[in-house]
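Taken in order, these protein sequences are the chains called A and B.
Heads up: the first sequence begins at 245 in my numbering, then just goes up one per residue.
Heads up: the second sequence begins at 7 in my numbering, then just goes up one per residue.
Calculated from the structure, these hints are not laboratory results.
Virtual Cβ for every residue (Gly too), placed ideally from N, Cα, C.
Take the hints with a grain of salt, since some may be wrong.
If you anchor each label on the Cβ, the simulated ranges turn out as follows [what the hints assert, rightly or not]: (1) A:K336 to B:E35: 36 to 42 Å; (2) A:A450 to B:T18: 42 to 48 Å; (3) A:G427 to B:S34: 40 to 46 Å; (4) B:D59 to A:S461: 41 to 47 Å.
Below, in silico cross-link-like pairs of lysine-lysine (PhoX-like), each with a Cα-Cα straight-line distance of 25 Å or less [unchecked claim]: (5) A:K374 to B:K15; (6) A:K374 to B:K90; (7) B:K77 to A:K374; (8) A:K568 to A:K526.
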Amino acid sequence: MRVVITGLGVVAPNGVGIDAFTKAIKNGESGITFHQNLADLNFSCCIGGIPQISEEKKGAYLTPLQLRGFNSSGILYGCMAGMDAWKDAGFKIDSESDLDFDSGTVFGTGTSGVEKFREAIYKLDDKQVKRLGSTVVVQTMASGVSAFLGGILGLGNQVTTNSSACTTGTEAILMGYERIKNGQAKRMLVGSCSDDGPYIWGGFDAMRVMTYKHNESPEQGSRPMSASASGFVPGSGAGALVLESLETALERNATIYAEVLGGNINSGGQRNGGTMTAPNAKAVQRCIKDAIKNAGITAKEIDVINGHLTATSKDGLEIENWTKALDRKGGDFPYINSLKSMVGHCLSAAGSIESVATVLQIKEQFVFPNINCDDLHPDISQLISEEKIVKKLLKTEVNIAAKASFGFGDVNGCVIFKKY
Amino acid sequence: MTKEELIAKLKTIVQPYIQNEEAFNNLSENTDFINDLKINSANLVDVILDVEDEFDIRIENDDMERMVSVKAAMDIVNEKLAEK
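Looking at chain A on its own, in the form it has when it is part of the complex:
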């Protein structure tokens, strides 16, 4: 059973909606800005990527009742991206539609509704538990986003949320892919989202893994693969893809963006150098190799890689892992870029937003520029030719693209997309 992508949706710091996002990634536009509330809270890193969404726009996706007492940015982003992808795939959104047992969703997140949770905790500690109302549970349960989408779209197949830190979005794609491949669903909306703001980013700031050197120059802050990379910049948003069996896509004459050839998910088990926060290199390489095997291609066929590449000290190790897994280096290495240079690290939303960018590259045959990498890290230039790190929009043939994500807990995901 072949599985194809028939719809895309995205809510990213540098573009909300597929058209705006496509334009932004082609032009190398940064979505990173300074946030006074982070400075007021004594954050070291006061910059971040937050999608720009007006109240009017919110009202175009959620009803006044859904927006009453609503305070969960991740669910908002997830619903917007998911609904856009659904419509992009050619489906109508109608609250009276028939229940569709052939369609489901795997829509991941790291945590849900941290702002809502904070509101609730203040009320609880003030002995006001009765005053919480009905909205706390659905906005703070991890599966809040898939529950919202399941109801909005009338999905009757599996409706669930996965969670595997920064691998979440990539994992969701593979989970939906497998469900279709196994014949258990015809169509799966897959994606992931992440809240924005101090309560989700604070723990990372405390770990000193976010950059504190670019508060005066936010757009230059996220510097994957650069010698002057000094930590990641936090981001937020959501990405969504409609996956469907090739058969049903052809039956209904849907636009096909690309094919999902396969992929792999594994874990380094926090062994052999892997820890809660650092990857086991052997497991990363194996994940990539097994993804290639699962996709039924050879490493030579990969034209472009969309890396995890967060702009921490681990970027060099990631490139080394790619060179070993593919057995390709120097001028033989595929083109590579990191969307994080423009949107920051969108955490649990990263894998899906970056996959949407990867699929757009296949559909429109380009490689988007990796910004803020004029000073390539010497460890990386020893491994691959500098020309492979795309710094200006490149129009080229993109047949097969690999997207990988690596997350806390030593978990890995790699998915292979092909032009249809």
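Given the structure of chain A, go ahead and fit chain B onto it with the hints provided.
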């Protein structure tokens, strides 16, 4: 507060939650929140919170349970206001 004023206030409070426009337009003392207005049962607690805020009263669990219609809401609000 007259009976009509109280009904008008309750009508404004329930408006965001109703799912039957016609029953809402014809709202009277005899209107049932769930059967007539089709308010989602989970939202009944939100209606009660909004009633508490509007009249500056506190509604306890046993009163909450019986507050399923305009009439019951009027009785409870009047009782609570009389206690103040």
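Taking each numbered hint in turn, which are not upheld by the structure, reported in ascending numerical order? 3
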